[in-house]
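Chains as they are written, first to last, in our numbering: chain P, 38 to 471; chain E, 58 to 529.
Calculated directly from the structure, the hints in this document are not laboratory data.
Owing to the predicted nature of the structure, the values given are computational and were not obtained by experimental measurement.
A couple of the hints might just be wrong.
[Unchecked claim] With a straight-line cut-off of 35 Å between C-alpha atoms, the simulated DSBU-like cross-links for lysine-lysine are:
#1 197/E / 428/E
#2 227/E / 216/E
#3 466/P / 428/E
#4 431/E / 466/P
#5 436/P / 428/E
#6 83/P / 428/E
#7 227/E / 406/P
#8 319/E / 431/E
#9 436/P / 216/E
#10 84/E / 257/E
#11 83/P / 517/E
#12 436/P / 434/E
#13 83/P / 84/E
#14 517/E / 93/P
#15 431/E / 425/P
#16 434/E / 83/P
#17 93/P / 254/E
#18 83/P / 369/E
#19 123/E / 93/P
#20 425/P / 371/E
#21 462/E / 436/P
#22 431/E / 93/P
#23 235/E / 428/E
#24 93/P / 197/E
#25 254/E / 132/E
#26 123/E / 198/E
#27 178/P / 371/E
#28 197/E / 178/P
#29 406/P / 319/E
#30 431/E / 316/E
#31 436/P / 371/E
#32 434/E / 235/E
#33 316/E / 178/P
#34 257/E / 371/E
#35 254/E / 84/E
#36 216/E / 178/P
[Claimed, not checked] If you anchor each label on the Cβ, the simulated ranges turn out as follows:
#37 158/P / 136/E: 23 to 29 Å
#38 197/P / 385/E: 44 to 50 Å
#39 406/P / 486/E: 50 to 56 Å
#40 483/E / 169/P: 43 to 49 Å
For every residue, glycine included, the Cβ atom is placed at its ideal position computed from N, Cα and C.
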Amino acid sequence: MPDTLTAPASLATTAPTPSADLPQWFAERATTAWTTFDSLPIPGIKDEHWRYSNAKRLDPAAFHRATPAPESAEAEAVASSIGLSDTAARLIFVNDQLVQSDTHALPEGVICETLTDALIKHPEVVQQHFMQREAALGSAKFAALHLAHVQAGIVVIVPKNVVVENPIEVFHWVATENAAIFPHTLIVAGDNASVTVVDHYRTLGEIPAFSCAVADFVAQPGGRITYAHCQELGNAATALHLSSTSAHRDSQIKSFQVQLGAAFSRSESISDLLGQGSRSDMISISLPTASQVVDQRTLQHHAAPHTGSDLLYKNALYDTSRTIFAGLITVDEGAHFTDAYQTCRNLINSEEAEANSMPGLEINADQVKCSHGSTSSPVSDEELFYLKARGINDHDSRKLIVQGFLEDTLSRLDHEPLRHLIEQRIESKLASIA
Amino acid sequence: MVTALDNDITDIKADNIGDFTFPERNKFDAGFGVSPRTVDYISDVKNDPDWIREFRHKALEIFNSKPMPTHWATKDLDNIHFEEFRYYLSDGQKPKRSWDEVPEDVKRTFERLGIPEQERKFLAGVEAQYDSEAAYSNVKKVLEDQGVIFVNSTEGLHKYPEIFRPWFGKVIPTSDNKFSALNSAVFSGGSFIYVPKGVKVSHPLQAYFRINSEQFGQFERTLIIADEGSEIMYMEGCTAPKFETSTLHSAVVELVAMKGAKIQYVTVQNWSSNVFNLVTKRGIAHEDAEVRWIDCNIGSRLTMKYPGVIMKGKRARGEVISIALANSGQHQDTGAKMIHLADDTTSNVVWKSISIGEGRSTYRGQVHIPKHLKGCKNNTECDALLINSSSRTDTYPAISVKGNKHATQHEASVSQVSEDQIFYLMQRGLTEAEAMSLSVNGFINDLVKEFPMEYSVELKRLIDLEMEGSVG
Chain P
38 MPDTLTAPAS
48 LATTAPTPSA
58 DLPQWFAERA
68 TTAWTTFDSL
78 PIPGIKDEHW
88 RYSNAKRLDP
98 AAFHRATPAP
108 ESAEAEAVAS
118 SIGLSDTAAR
128 LIFVNDQLVQ
138 SDTHALPEGV
148 ICETLTDALI
158 KHPEVVQQHF
168 MQREAALGSA
178 KFAALHLAHV
188 QAGIVVIVPK
198 NVVVENPIEV
208 FHWVATENAA
218 IFPHTLIVAG
228 DNASVTVVDH
238 YRTLGEIPAF
248 SCAVADFVAQ
258 PGGRITYAHC
268 QELGNAATAL
278 HLSSTSAHRD
288 SQIKSFQVQL
298 GAAFSRSESI
308 SDLLGQGSRS
318 DMISISLPTA
328 SQVVDQRTLQ
338 HHAAPHTGSD
348 LLYKNALYDT
358 SRTIFAGLIT
368 VDEGAHFTDA
378 YQTCRNLINS
388 EEAEANSMPG
398 LEINADQVKC
408 SHGSTSSPVS
418 DEELFYLKAR
428 GINDHDSRKL
438 IVQGFLEDTL
448 SRLDHEPLRH
458 LIEQRIESKL
468 ASIA
Chain E
58 MVTALDNDIT
68 DIKADNIGDF
78 TFPERNKFDA
88 GFGVSPRTVD
98 YISDVKNDPD
108 WIREFRHKAL
118 EIFNSKPMPT
128 HWATKDLDNI
138 HFEEFRYYLS
148 DGQKPKRSWD
158 EVPEDVKRTF
168 ERLGIPEQER
178 KFLAGVEAQY
188 DSEAAYSNVK
198 KVLEDQGVIF
208 VNSTEGLHKY
218 PEIFRPWFGK
228 VIPTSDNKFS
238 ALNSAVFSGG
248 SFIYVPKGVK
258 VSHPLQAYFR
268 INSEQFGQFE
278 RTLIIADEGS
288 EIMYMEGCTA
298 PKFETSTLHS
308 AVVELVAMKG
318 AKIQYVTVQN
328 WSSNVFNLVT
338 KRGIAHEDAE
348 VRWIDCNIGS
358 RLTMKYPGVI
368 MKGKRARGEV
378 ISIALANSGQ
388 HQDTGAKMIH
398 LADDTTSNVV
408 WKSISIGEGR
418 STYRGQVHIP
428 KHLKGCKNNT
438 ECDALLINSS
448 SRTDTYPAIS
458 VKGNKHATQH
468 EASVSQVSED
478 QIFYLMQRGL
488 TEAEAMSLSV
498 NGFINDLVKE
508 FPMEYSVELK
518 RLIDLEMEGS
528 VG
């Protein structure tokens, strides 16, 4: 138990102290962000962006900023960071501190640094792309909190025409009770460059903790980014993941999220399709059990003609868990010939589970192909009967059906080892379901 | 025989069917703005019982305390200035039972809109409302003999309080939203219908709502009760002439379908393009009952209307069939609410919109299936058609499902009339406009079929008129 006298001050009252080594602009933005954070209220239930949800679950007053963990905890985290076998780079953060880094397999010219190092070594690129998109889906307050406190996470800059074959893998651990981490991921893929990045968010043990993550993706003309984030925090933790994507001409961005952990997990994903021929895929898998809540908000914003986006979110719900999906496709005036799709499917496996979907469209252009669909239903009795008739027991049959339900999300991931890793993580969660 | 009135309106073009007006000759005018005095004025004129007067005052307080719902709805609502409307206008005459007794200008109005003709042809009863009060009301004798009540709401609450009062304001509570509160404070006119047990009304009943006066707010209140095993189809039509300033129409419609009853409520509205049309419509369906809203929204500056069905009894069914057509300067914000409160209830929403020029059509819907129910099903389909490059459409559904014994599906699509299709039709000698019009009619054809024959013909014609000049 932490000693009450020396208990660290809550996040809500701790003003950030940016290090003197960091560029002036960054220190200024952090200070301004703190003022913004302080001035904004926690969104209320009347806020459309928080419909069916509860922003109080992210109340920063309950957490303090993570301080370096004891060496034993760091060692344990490093030992448990089992992911891909072949990586271009591998970094492990524990309580926002970099504890292990292996970047020797990176192709020449590719920058993969911690945010702090990148701010010092490549301030211009970072300044140009770092958190430039307004958090328009309801979490402006928490985005400001992130900006005020952020130190950890990585910046990846891939120069023109460079293809990074193997993924860059990053682990973010929280090792202390009630601690908050602020991981950042900034990926800039130059013209025709290509890169894959995986973020894992985890806690050491079942502790209450808060991961307040923000990710920015910029794909220059012809660039390709594949990003996956695996949220496997402990079941008492709180997760927030805000991402924004800027897709320039003929670029492609694929983003996957796998929501397995945390008591309350909120994600806000914005895709801005800025250049002709750009494409964004947004895919998500959630497997909430017990009383877990997964709250996902998305925006597919088509600002240029001849752009495409495809969103597929699948939730398999158990016990008294809840999911909230609110998606919006907006097609700007003049963004003709847009193809935009949005699908949210819920497989409800218990009487007490609850699925809420708010798929939205706002179309201001012509020659547009847009559709959205949302379904909620239980496992079909016929499918179950078919499997059982072949001698497979009820439990295994249901598991097979859920795996089948999730299959078409995974098949969109064309990186074989990464897909295998995600399948494994899903399998281990499914195995824990009685 | 050509009368002076005929001459007055002969120069009106046939394609502006509702766009004409007669001089006002109001005996009662509650003046501009809404205050406790306005409410008292209306209550005095209408000789309200005390409980209605109280109900109105309370509603006014709720109206004043509620903010505009602009946190989710369009900011255009802020352009409504409540102090610039008149809330009650009437010539002080009782509704006429015979068409001949109706004042000449009112009669001309409705004759131009084809009301008596339709009545003779196929309607079982008609009620025609001119500004605040009913001008004409008639129900066929055979229905009267069966115990069917079809009167205006004032007569309903005076003559049949034992049926009226238990359900009045129960389906849509005063505090439901700002506009239902406003309606509750100043309501006047609208229909009250009661269909006794087992009576199946074979022909539709119809009401016609007409705004004749400028800067006027029409607040009709309709309550339809279909007792066990009965069936009723009700149709309403609405028009207003085009004034320089805006007009407000804010109705409240409550439907109660008792066990095994069936209510179909058909609306075709063709408001002029400066009417704010903010309507609350909801029905309760008890065991095995069915409530269907068949809705066509054309015209108005802003329509916000989300007919709802509360499925309160087992196996109840709710349906909304909706067509919206938004032309330049218009915003059709329509949709449906389906609240499942019992096992094995099913609901269906089919919504189609057409946006022309700079028109904007919006679908907003809610499907709610709470805990501990089983066998609930919902199907929602939304299809939007964009005619011009500056046309706009939005879809905002909200679906909440608890438990694993239900099935819901929602699908929406946005499309254009394909160039191939237009080319094909033009090859066969149609002009581009005709080809477009034919395609649009094809797009909504399956829904138009749900309307009674006379209405579906009218509907196609209205759509053709709206389409004029949109292409080429």
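Okay, the hints, checked on the actual structure:
1. Taking the CA atoms of residue 197/E and residue 428/E, the gap is about 46 Å. The hint is violated against a cut of 35 Å.
2. For the proposed pair residue 227/E and residue 216/E, the alpha carbon gap of about 19 Å is at most 35 Å, so the pair holds.
3. For the given pair, residue 466/P sits about 26 Å from residue 428/E by alpha-carbon distance, which is consistent with the 35 Å threshold.
4. A C-alpha spacing of about 28 Å is found between residue 431/E and residue 466/P, which places the hinted pair at or below 35 Å, so the restraint holds.
5. Using a Cα cut-off of 35 Å, the hinted pair residue 436/P and residue 428/E holds, with the two alpha carbons roughly 24 Å apart.
6. Note on residue 83/P and residue 428/E: the hinted pairing holds, with a Cα-Cα distance of about 22 Å set against a maximum of 35 Å.
7. Of the pairs offered as hints, the one joining residue 227/E and residue 406/P is violated, with about 43 Å between alpha carbons and a cut-off of 35 Å exceeded.
8. Pair hint residue 319/E plus residue 431/E holds up; C-alpha atoms about 23 Å apart against a cutoff of 35 Å.
9. Taking the CA atoms of residue 436/P and residue 216/E, the gap is near 64 Å; set against the 35 Å cutoff, the hint is violated.
10. In summary, the hint linking residue 84/E to residue 257/E is not supported, as the alpha carbons are separated by about 40 Å, beyond the 35 Å threshold.
11. Distance restraint check for residue 83/P and residue 517/E: the Cα-Cα separation of roughly 41 Å exceeds the 35 Å cut-off, and the hinted pair is therefore not satisfied.
12. The straight-line distance between the Cα atoms of residue 436/P and residue 434/E is roughly 25 Å, inside the 35 Å bound, and the hint therefore holds.
13. Proximity of residue 83/P to residue 84/E is assessed by CA-CA distance (about 45 Å); at most 35 Å being required, the pair is judged violated.
14. A distance of roughly 52 Å separates the Cα atoms of residue 517/E and residue 93/P; the hinted pair therefore is violated under the 35 Å criterion.
15. For the suggested pair residue 431/E and residue 425/P, the alpha carbons sit about 24 Å apart, so the restraint of at most 35 Å is met.
16. With a C-alpha separation of about 28 Å, the suggested pair residue 434/E and residue 83/P falls inside the 35 Å cut-off, and the hint holds.
17. For the given pair, residue 93/P sits about 51 Å from residue 254/E by alpha-carbon distance, which is inconsistent with the 35 Å threshold.
18. Proposed proximity of residue 83/P and residue 369/E is supported: the alpha carbons are some 27 Å apart, at most 35 Å.
19. Restraint check: the Cα-Cα separation between residue 123/E and residue 93/P comes to about 25 Å, which is no more than 35 Å; the hinted pair holds.
20. Annotation: proposed proximity of residue 425/P to residue 371/E holds, straight-line Cα distance about 32 Å (limit 35 Å).
21. For the proposed pair residue 462/E and residue 436/P, the alpha carbon gap of about 18 Å is at most 35 Å, so the pair holds.
22. At roughly 32 Å between alpha-carbon atoms, residue 431/E and residue 93/P fall within 35 Å of each other, so this suggested pair holds.
23. Pair hint residue 235/E plus residue 428/E holds up; C-alpha atoms about 29 Å apart against a cutoff of 35 Å.
24. Restraint check for residue 93/P and residue 197/E: not satisfied, since their Cα atoms lie roughly 60 Å apart, outside the 35 Å limit.
25. For the suggested pair residue 254/E and residue 132/E, the alpha carbons sit about 46 Å apart, so the restraint of at most 35 Å is broken.
26. Annotation: proposed proximity of residue 123/E to residue 198/E is violated, straight-line Cα distance about 45 Å (limit 35 Å).
27. Restraint check: the Cα-Cα separation between residue 178/P and residue 371/E comes to about 45 Å, which exceeds 35 Å; the hinted pair is violated.
28. For the given pair, residue 197/E sits about 64 Å from residue 178/P by alpha-carbon distance, which is inconsistent with the 35 Å threshold.
29. In summary, the hint linking residue 406/P to residue 319/E is not supported, as the alpha carbons are separated by about 38 Å, beyond the 35 Å threshold.
30. As the CA atoms of residue 431/E and residue 316/E are separated by approximately 20 Å, the hinted pair is consistent with the 35 Å bound.
31. Annotation: proposed proximity of residue 436/P to residue 371/E holds, straight-line Cα distance about 33 Å (limit 35 Å).
32. Only pairs whose Cα atoms come within 35 Å are accepted, and residue 434/E paired with residue 235/E is accepted, the gap being roughly 31 Å.
33. For the hint pairing residue 316/E with residue 178/P, the CA-to-CA distance comes to about 51 Å; that exceeds 35 Å, so the pair is violated.
34. The hinted pair formed by residue 257/E and residue 371/E meets the criterion: a straight-line CA distance of about 22 Å does not exceed 35 Å.
35. Of the pairs offered as hints, the one joining residue 254/E and residue 84/E is violated, with about 40 Å between alpha carbons and a cut-off of 35 Å exceeded.
36. A hinted pair counts as satisfied when its Cα atoms are at most 35 Å apart, and residue 216/E with residue 178/P does not qualify at roughly 58 Å.
37. Checked against the given bound of 23 to 29 Å, the beta carbons of residue 158/P and residue 136/E, roughly 54 Å apart, lie outside it.
38. The hinted range of 44 to 50 Å is satisfied by residue 197/P and residue 385/E, whose Cβ atoms lie roughly 47 Å apart.
39. Residue 406/P and residue 486/E have their C-beta atoms about 30 Å apart, which leaves the hinted 50 to 56 Å range violated.
40. Separation of residue 483/E from residue 169/P is about 48 Å and conforms to the stated range, judged on CB atoms against 43 to 49 Å.
Consistency note: the structure conflicts with the earlier hints numbered 1, 7, 9, 10, 11, 13, 14, 17, 24, 25, 26, 27, 28, 29, 33, 35, 36, 37, 39.
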